[in-house]
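Chains A and B supply the protein sequences, listed in that same order.
Going by the working numbering, the final residue of the first sequence carries number 354, and the count climbs one at a time with no gaps.
Going by the working numbering, the final residue of the second sequence carries number 1193, and the count climbs one at a time with no gaps.
You may find that some hints are simply not true.
Said to hold, decoys possible - In silico DSS-like cross-links for lysine-lysine, where the CA-CA straight-line distance does not exceed 30 Å:
| no. | chain 1 | residue 1 | chain 2 | residue 2 |
| --- | --- | --- | --- | --- |
| 1 | A | 215 | B | 1123 |
| 2 | B | 1123 | A | 50 |
| 3 | A | 215 | A | 50 |
| 4 | B | 1089 | A | 223 |
| 5 | A | 140 | A | 223 |
| 6 | A | 17 | B | 1092 |
As the list claims (entries may be wrong) - The following label-pair restraints were derived from C-beta to C-beta distances:
| no. | chain 1 | residue 1 | chain 2 | residue 2 | range |
| --- | --- | --- | --- | --- | --- |
| 7 | A | 58 | B | 1186 | 26 to 32 Å |
| 8 | A | 306 | B | 1180 | 34 to 40 Å |
| 9 | A | 45 | B | 1061 | 47 to 53 Å |
| 10 | A | 235 | B | 1186 | 51 to 57 Å |
| 11 | A | 286 | B | 1183 | 27 to 33 Å |
| 12 | B | 1179 | A | 205 | 31 to 37 Å |
| 13 | B | 1075 | A | 247 | 57 to 63 Å |
| 14 | B | 1170 | A | 45 | 24 to 30 Å |
| 15 | A | 35 | B | 1123 | 37 to 43 Å |
| 16 | B | 1186 | A | 286 | 48 to 54 Å |
| 17 | B | 1183 | A | 205 | 49 to 55 Å |
No lab work stands behind these hints, which were simulated from the structure alone.
By construction, the Cβ of each residue, glycine as well, lies at the ideal position given by its N, Cα and C atoms.
Listed below are the residues making up each chain.
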Amino acid sequence: MSSEIKIDPKIIAEILKFSKNVAKAPKLVTAPDEIKLGTTPFDVVYEEDKVRLMHYKPMTDKQLHTPLIIAYAIINRYHILDIHPKKSWVKNLLEHGVDVYMIDWGTPSSIDKYLDFDDYVNGYLDNCVEFVKRESNVDKVSLQGYCTGGTMAAIYSSLHPENVKNFIATAPVIDGWKDTTVVSNLVRHIDVDKFVEIVGNMPPEFMYYCFSILKPFEQGVEKYIKFFKNIDDKNFVDNFMRIEKWLSDTPPIPGELFRQWIKDIYQDNLLIQNKMNVGGKNVSLRNIKMPLFTQVAVGDHLVSPECSMPLHYSVGSEDKTLKVYPTGHVGMIASSFSQKKILPELCQWLKVHS
Amino acid sequence: MKPESTKNVAEYYKHLSLFWTDLIHLMSSKPQALTSIGPMRNFTENAKKITTELIEGSAVLIEFNNSLTEYYRQLIDTWNESQKKVNFKAPKIPNDPEQFEAYKRVWIDIFDNDFTELFDSKKFGENYGKLVAKELELTKHWNNIMNVMLQSANLPNKQEIDDVYREIHSLRKRISKLESKLREKNTVKNIVK
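With the hints as extra help, turn the sequences into a complete structure.
Set out below in structure tokens:
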């Protein structure tokens, strides 16, 4: 009886090729630290504490009357909306004649641990909106919020409807109890009071843990195998490294904001029940009466569509549009698909409503 | 005190350690008091606080380890279950690139599905919550020890720095409100002009 194992020589060739690719990777690939994210030129027009408001340089002779302010999320950084010239959300909007401002929330440190929703929504966001109104000489602005920035924009639109002409909610976190992602399961079981009392700000390491449990084998094994297999494909490698760099860079979240976030959105689910309180005022989604454009992704494993869609059904707006796209959380804002399908639809809507 | 369960054993040793630490502290503090004055006396008091924190921290460490063991048990059990499913679905060792690719796909899909199911489960969430809570308690004991040491070196501790942060936060808020009121007044003035 033979105990010999027959292996196809093609497998050996594949393994050797893979090893060769791994060996030559450092020569072909730029290190994450050497990559500069954010490619579209902008000016910082307003600063407050660590928050910056960026105004992107126009790319068309004529622009839409109403400027757009993008409230980026509090997780990771704004660069994802301008990750690559060919996949830049911001650049695409500029090419369609939209006057784009974006908020960079900065990197909170220990001194910022008492910042809460009131500071972010009624403070920083409101000050940015007032600044843009003055600069552009308009009474109202268009406001877009992505992910957790969508939640802040929803709260702002409810508390300051007089300042918002159009509201665009992109994968917003709204109904915490309906969120079917694994992250929501973890945060529901966390003693957030103890967390904030002892640690202060939510450290980035906690977010990295949350990322690591999202499809751990696809994201932790297959993704890197694909990377080494495609090491000679310049475009693929460049995109890969940009996204990797973006993923590995998330700032801490101020303790009080994190406490209110977890309790009010995920544990007690107050926002969707119109019971949330920010700066002593009740947040009612019914106060949102301006035109609303909600974008959700069916393959979103960070903010599930079931968590975002209730916004569409809870607002007081009569003019509202819900778009469901066959992509994921990042694919919705930084992919060829978003350039070809999602952004043209949004720009068309903005043109009609500006 | 008769040790009956793990908890009782931990309680017993905690009591035993505290009893002897307290007694030794009481016995030794008298001659120390005679020879040490001012800050040195303070240092002796601090040493007792640190011992208490260490003893209490050890009790938390036992509970932390229980949750950590459960955490790894859940991961290992899921891994074994997934591997069994993979073996059932793809029993043969792949021996050409196409088969290997198909095997890898099956492996990743089954493992991702099973682990996502685990991370989504109540038992995982609850144990994870406990694990984080115990880790936080350990951090708290460590913070308390650091606070004692900072105090004995006459430096501000965490609580005092937190008070400063809170004060700065409330000052920032007040300034921001005053600034916006001033802006509103100026706007009204300009309109009147």
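Each hint, compared with the structure:
1. A:215 with B:1123: holds (19 Å)
2. B:1123 with A:50: violated (40 Å)
3. A:215 with A:50: violated (33 Å)
4. B:1089 with A:223: holds (23 Å)
5. A:140 with A:223: violated (44 Å)
6. A:17 with B:1092: holds (24 Å)
7. A:58 with B:1186: 26 to 32 Å: Holds, at about 29 Å.
8. A:306 with B:1180: 34 to 40 Å: Check passed, 38 Å falls within 34 to 40 Å.
9. A:45 with B:1061: 47 to 53 Å: This hint holds: roughly 52 Å between Cβ atoms.
10. A:235 with B:1186: 51 to 57 Å: holds (52 Å)
11. A:286 with B:1183: 27 to 33 Å: For residue 286 (chain A) and residue 1183 (chain B) the Cβ distance comes to about 30 Å; the hint holds.
12. B:1179 with A:205: 31 to 37 Å: Between residue 1179 (chain B) and residue 205 (chain A), where Cβ atoms are some 36 Å apart, the hint holds.
13. B:1075 with A:247: 57 to 63 Å: violated (23 Å)
14. B:1170 with A:45: 24 to 30 Å: holds (28 Å)
15. A:35 with B:1123: 37 to 43 Å: Given a distance of about 41 Å, which is inside 37 to 43 Å, the answer is holds.
16. B:1186 with A:286: 48 to 54 Å: The hint (48 to 54 Å, Cβ to Cβ) is violated, given that residue 1186 (chain B) and residue 286 (chain A) are roughly 34 Å apart.
17. B:1183 with A:205: 49 to 55 Å: At roughly 40 Å between Cβ atoms, residue 205 (chain A) and residue 1183 (chain B) fall outside 49 to 55 Å, so the hint is violated.
Violated hints for the displayed structure, listed by number in ascending order: 2, 3, 5, 13, 16 and 17.
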